[in-house]
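**Student:** For chain E, the structure is supplied; the task is to place chain B on it using the hints.
The primary structure of each chain is shown beneath.
There are 2 protein chains.
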Amino acid sequence: MALPSTRPTTEGGAEVRIVEIRDAVLPMRGNIRNAYIDFTKMTASVVAVVTSVVRAGRPVIGYGFNSNGRYAASGIMRDRMIPRIMEADPRDLLDDSGTNLDPHRIWQVMMTDEKPGGHGERSVAVGTIDMSLWDAVAKIEAKPLYRLLAERYCGGETDAKVWVYAAGGYYSPGKDLTALQDELRGYLDLGYTTVKMKIGGAPLDEDRRRIEAALEVVGGEGQRLCVDANGRFDLETALRYGEAMAPYNLCW
Amino acid sequence: MALPSTRPTTEGGAEVRIVEIRDAVLPMRGNIRNAYIDFTKMTASVVAVVTSVVRAGRPVIGYGFNSNGRYAASGIMRDRMIPRIMEADPRDLLDDSGTNLDPHRIWQVMMTDEKPGGHGERSVAVGTIDMSLWDAVAKIEAKPLYRLLAERYCGGETDAKVWVYAAGGYYSPGKDLTALQDELRGYLDLGYTTVKMKIGGAPLDEDRRRIEAALEVVGGEGQRLCVDANGRFDLETALRYGEAMAPYNLCW
Numbered sequence: 162m163a164l165p166s167t168r169p170t171t172e173g174g175a176e177v178r179i180v181e182i183r184d185a186v187l188p189m190r191g192n193i194r195n196a197y198i199d200f201t202k203m204t205a206s207v208v209a210v211v212t213s214v215v216r217a218g219r220p221v222i223g224y225g226f227n228s229n230g231r232y233a234a235s236g237i238m239r240d241r242m243i244p245r246i247m248e249a250d251p252r253d254l255l256d257d258s259g260t261n262l263d264p265h266r267i268w269q270v271m272m273t274d275e276k277p278g279g280h281g282e283r284s285v286a287v288g289t290i291d292m293s294l295w296d297a298v299a300k301i302e303a304k305p306l307y308r309l310l311a312e313r314y315c316g317g318e319t320d321a322k323v324w325v326y327a328a329g330g331y332y333s334p335g336k337d338l339t340a341l342q343d344e345l346r347g348y349l350d351l352g353y354t355t356v357k358m359k360i361g362g363a364p365l366d367e368d369r370r371r372i373e374a375a376l377e378v379v380g381g382e383g384q385r386l387c388v389d390a391n392g393r394f395d396l397e398t399a400l401r402y403g404e405a406m407a408p409y410n411l412c413w
Numbered sequence: 162m163a164l165p166s167t168r169p170t171t172e173g174g175a176e177v178r179i180v181e182i183r184d185a186v187l188p189m190r191g192n193i194r195n196a197y198i199d200f201t202k203m204t205a206s207v208v209a210v211v212t213s214v215v216r217a218g219r220p221v222i223g224y225g226f227n228s229n230g231r232y233a234a235s236g237i238m239r240d241r242m243i244p245r246i247m248e249a250d251p252r253d254l255l256d257d258s259g260t261n262l263d264p265h266r267i268w269q270v271m272m273t274d275e276k277p278g279g280h281g282e283r284s285v286a287v288g289t290i291d292m293s294l295w296d297a298v299a300k301i302e303a304k305p306l307y308r309l310l311a312e313r314y315c316g317g318e319t320d321a322k323v324w325v326y327a328a329g330g331y332y333s334p335g336k337d338l339t340a341l342q343d344e345l346r347g348y349l350d351l352g353y354t355t356v357k358m359k360i361g362g363a364p365l366d367e368d369r370r371r372i373e374a375a376l377e378v379v380g381g382e383g384q385r386l387c388v389d390a391n392g393r394f395d396l397e398t399a400l401r402y403g404e405a406m407a408p409y410n411l412c413w
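Keeping their order, the protein sequence lines are chains E and B. Numbering-wise, the first sequence is residues 162 to 413 according to my numbering. Numbering-wise, the second sequence is residues 162 to 413 according to my numbering.
Because the hints were derived from the structure by calculation, they are not lab data. Here the structure is a predicted model, which means the values were calculated and not measured. Treat the hints with care, as some may be off.
You can't tell identical chains apart in this list, so a pair holds if it fits in one copy or across any two.
Unchecked claim - Calculated lysine-lysine pairs in the BS3-like style (CA-CA distance at most 25 Å, straight line):
1) K322 x K202
2) K336 x K202
3) K336 x K276
4) K202 x K276
5) K276 x K322
6) K276 x K304
7) K322 x K304
Chain E extracted, bound-state conformation:
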C-alpha cells in the first residue's frame, strides 16, 4: 500500500526511530579575534541524526551545529548524551502519534542523571543535538521547520519578515580601517541594513577610529551600527567606553 508522500515511511514498515547519531569536530579556522578570545583554534560540533525514515530511497537525516565561540562539545555528547538516546526504548522518543520524534521527550532522556548547572558546555552538547532533532522532525513532516514551529506553537502564523543584522568587524592581524570598511560594505551589498562590529580588543582611541570609519560606510546616523565588547569590560572601562560611545547614537 502506498502511503501519502507527506507521511513518514520507513523501510520494511519499521517504526520511526533514530538509527545513529554522529558527531564531528570541525576547526573553524578563523584568523579573527574579539575582545575576549581569538578564533585560531576554535572548533565546532556538527551532528547528524540519522533516522529510519526513508524519502526517495535515502534516509532522513537531521543536522545541527553549535555557535562559534564555545568549542565543540564532542566529549559530553559521546560520553553521555548520545549513549542515553541510543540506549532508550525507541518508542519513548516518539510523540503521541508515534510517527515522529519528540525533541522534548528526547531532551528529558539526554538530561537524565544530570545535575543542575553546566552552562556554556553541556548546553552546547544538548543544544546541538536538539537542533538536529528539530531538523529531522521537520524533514519527516516534509515541512520547513519555521512552518512546523508556527503550526505547533503559534497558531500557524508566521512572520513574512525577520529583522537580521550582519555580525562581523572582528579584529584580525593587519586589518586596517579600509579593510574594515570594505568588509562592512560587503554586508550592505548583500542586503543587510544593520551591521555589528567588535570593540574592546583595542585601546579606546583605536576603537573610536574604527567606529568612525564604520559609520562612514553604514550611514544611518549611527542607528545601523552595533558594537559588541563580548563582556570583557570591568566597570571602569565600561563607563569610559559608554561615555565615548554616547555621541555616536549607535543601534546598541
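**Tutor:** Frame of chain E, contents of chain B only:
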C-alpha cells in the same frame, strides 16, 4: 654537586617542567541515588601531571580527581586545557623562582581563549588539573600541601583540627531502614560525629521515617544529622519539607 634533598632536582639539570599530563576516565560504579541522579553510570576524571623533577630516581607526579556527581571532563581537558599547557613556553608555567610550577600562571594558560561561563563542566576540567598541579607543587617542595598553602597564604599558621562530616545515606535498591542505620553507625565507628543523608528521592513520609531511623543512631538531639535534597525541590515541596524537618532540629 649535590643539591639539598628538599630542593627540586631534575635529570641532567634540566629546567622544572611538565613532561606529560595524562587523564583517565574511571567509572564510579556506585549503585546509589540522590534526589536528582543515580550514579550507576557516573564517571570521574583522574589526572596525573608528570614533572621533570626526579626524587629517589622517580619523577614527581601530581594527582587530581574530580568530585562525584559531575562526570569526567575528559573531552574538555584533552581538546583544550592539556594542549594549551603543553604548547606553552615551559618557562611561562613557573613561579618567579623558576624552581617550581605556578598553578596561577598555568590557570591563565588553561583559560586562554575561553569565554566567560562554563560552570559545572569546564570548571571540572580546570579544577581537576589545578588539583594535580598543587599536588605536584607541594611534592616538589617536599612538603604536605596544607603546610605549603599555610606558609604562602596564612602566615604559616595551620589549624590543628578541621571539622568534617560523613556524606552518605544515599538511596539504593533494597536498602531498608536497618541498612541505613548500619551505614551511619559505620561512620560513627570511624570517628565521625556528624553525618549527612540524602532526602527528596522518596515521598516525604518515607523520608521522615528514614530521618527518624537515622536519628536513633546518631543521637545528639538532631545536631549530628544533616540532610541534602540536592536542589531538587520546587518552592512548594521545599516549604513542605522545611515544615516537616523543623521539629527534628537538624544540623542542616
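**Student:** Of the numbered hints stated earlier in the document, which are not met by this structure?
**Tutor:** 1, 5 and 6
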